[in-house]
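J.: Residue strings, one per chain:
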Amino acid sequence: MKVIRNYLAELLKMQKREDGREPFQCREVSIETGVIARSPGSARVKIGDTEVLVGVKLDVGEPFPDTPNEGVLIINAELIPLASPDFETGPPKPEAIELARVTDRGIREGHAIDVEKLCIKKGEKVWMVNIDVYPMNDDGNLIDASALGAIAALKTAVFPKYDESADKVEYKEFTKTKLPVKALPIMTTFGKLAGSLFLDPTHREEKAFDSRLSISTLDDGTVCAMQKGGFGTFTKDEVLQIMGLAIQKSKELRKLLK
Amino acid sequence: MGGIGAPEKLIVKGKRLDGRAFDELRPIQIKAGVVKNADGSAIIVQGETKIIAAVYGPREVFPKHFQEADRAHLNCVYDMAAFSTPERARPGPSRRSVEISKVIRDALAPAVFLEKYPKTAIDVYIEVTNANAGTRVAAICAASVALADAGIEMRDLVTAVASGKADGQLLLDLFELEDNYGEADMPLAIMPQTGEITLLQMDGEVSQDEAAKLIEMSMQACQKIYELQKKALREKYLAEGAATGEASE
Amino acid sequence: MADKLFVKDHDVVIPGEELAEGLDYLPAGKAFRDGDKIFASTIGLASVKGRVIKIIPLAGKYMPRRGDVVIGEVTGIGHSGWMLDVNSPYPADLNIGEASSEYIDLNKTDMTYYFDIGDYVLCEVINISEGKFIKLTAKYRPYRKLKGGNIIEVSPTKIPRIIGKAGSMIALMKDATGCEITVGQNGLVWISGQADKQAVVARVIKFIEREAHKQGLTDKVKEMLRGK
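Line order of the protein sequences matches chains G, P and C. With the working numbering, letter number 123 in the first sequence gets 123, and the count goes up by one each step, no holes. Just add 258 to wherever you are in the second sequence, counting from 1, and you've got the working numbering. Just add 507 to wherever you are in the third sequence, counting from 1, and you've got the working numbering.
If you're looking for bench data, these hints aren't it; they were derived computationally from the structure. It should be emphasised that the depicted structure is a prediction, and the values quoted were computed from it without experimental measurement. Every residue, glycine too, gets a C-beta built ideally from N, C-alpha and C. Treat the hints with care, as some may be off.
[Stated by the list, open to error] Partial selection, computed: residues in chain C whose CB lies under 8 Å from chain P: (1) V519; (2) K561; (3) L565; (4) G567; (5) R572; (6) K639.
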């Protein structure tokens, strides 16, 4: 890894990447929605060779006692060994839990869903929104792919039929009513390698870099979630520079959601 | 389940509810080489059932005590994505998925020259992304294409299909309603060149004669699926192969 | 009973596919005999030379053979040698006596002077033991530590295409970029030169690996090399 690290560092000093990108250029991104027949809201996101499948499931349950009139949002990520030789079977590792929680933070703190509109009967019944993230191929930057997949799946999701008197969800029957999505938070992740900053790290860049910073922002420039990872550090100026770039880069990605 | 639960009849005017003839397969598509990180992979779409299989290996065995001195350790993991079923499926292994993983391994193992790869692991990972009956048999079809795509030495591919009985009729390739409310379900896998059976399960009730007919019907259908498996592999390698020949001369 | 042949040169075959019938034909490469029939054991390319039917594999991980020239990454240092990862399922070691043509006195020399963790070494497989341990040597030229540069991984079955006829593809890349390129049979390729030129070579090699079947490959490679 030290050989590859030195090579990538040298390239970045020349403002270059090994795949021909510029430091702050994202790989090609594609979003498809409605890809899982069983799910009332789903998306497949590709960022370069990274691919993530996201599916929404809705259920009816009890609200939390401290938020009796709000629906419940649950985000889970499974780093299945199908997607990478680095993933193992077994209970979720810290990486999977971090991925789920960072994705969750962007959606939740960006107020992507109007959770009050998910209330069916205050204190008793609310919609529970499960978002499951499954990477199908990891070539780096799963965080941005998951976050984009989650918001794309939510944006297109509809409620299943619910019979209130029988308290029964018909999971196979989808209504035409869309989920109350009111904001589109977008996550962008930056790496730092030997002092150079860059956007959208590949798997090889992730293995070599010192640290990463992921920032979720809204269209109006509001910053709604951040996560630093890796053993390295960032200076204050670097963080401010990344924040500005995150706001700018997320606007381009948001356009893909239409 | 009530609501839109059991239909009154599964056969109406001599046709199945999805319009198929009794011995007709659902539309099947197979594609090889869909997971870039894997050494071999394939996707199968059979009606609404959608499954991806990826093979890693031969590689180092982990954990080490699974290592076998004279052959590869074949490891299969069948998993259903949380969003693949009508009600959310809890992630992680269940008793059902562990059993299915085992019977899939037992179905594939006879076809693989495990003895060519001593002290290694061949890992087969199967993810059901959308389930509508027949997932274990579709998984076997995809997994055997993925093994071949990984360049692993094999005696033959493995091809599988389920058949069963509903409304007194013997039916090929059950879909969900027939699977849930029919009288019997019988998944079967064979090595298509020899016709040797590598997986056989059944639940429900059939006569000895009906069982024989189901086996025959499934084996014939396997030959059709086998053609699709071969086509998927050829499509990926055909043009590529011609070029290799040129360069290696 | 007459012997029958079911394939011709350059046919793509699938595991289990029947290639020939009759005891006069001989299986080679990834072809095997079962009774009086011959089958393919991997996805591969048929080559028929007289009575010999050979299957050249089109996919598969690197499995070591004696005499292979490989690139390994040093992953550990022991009492009497180095452990290397040669991109195979089996562990490989380079004994101190195989590391250099000169005598290494362990009392006077730190082993990392020769090879340190993370270094890449070009070496040769001298033996694979019964227990599947790979023995390597780096004693003679051109075997050596590969200093600096970049390492990429390609499918070992695609190496002939990357090298090209009589090394033509490698020569093309070297001439256009001034980079040094060393190919290991285990699928690792080492590229050394100016960093941005290395990146161009790596992209071209990945392109060859991916698109070798397309028409006019050499022209496309030339175009890519001119572009940068």
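J.: Taking the numbered hints from earlier one at a time, note which ones the structure violates and give those numbers from smallest to largest.
T.: 2, 5
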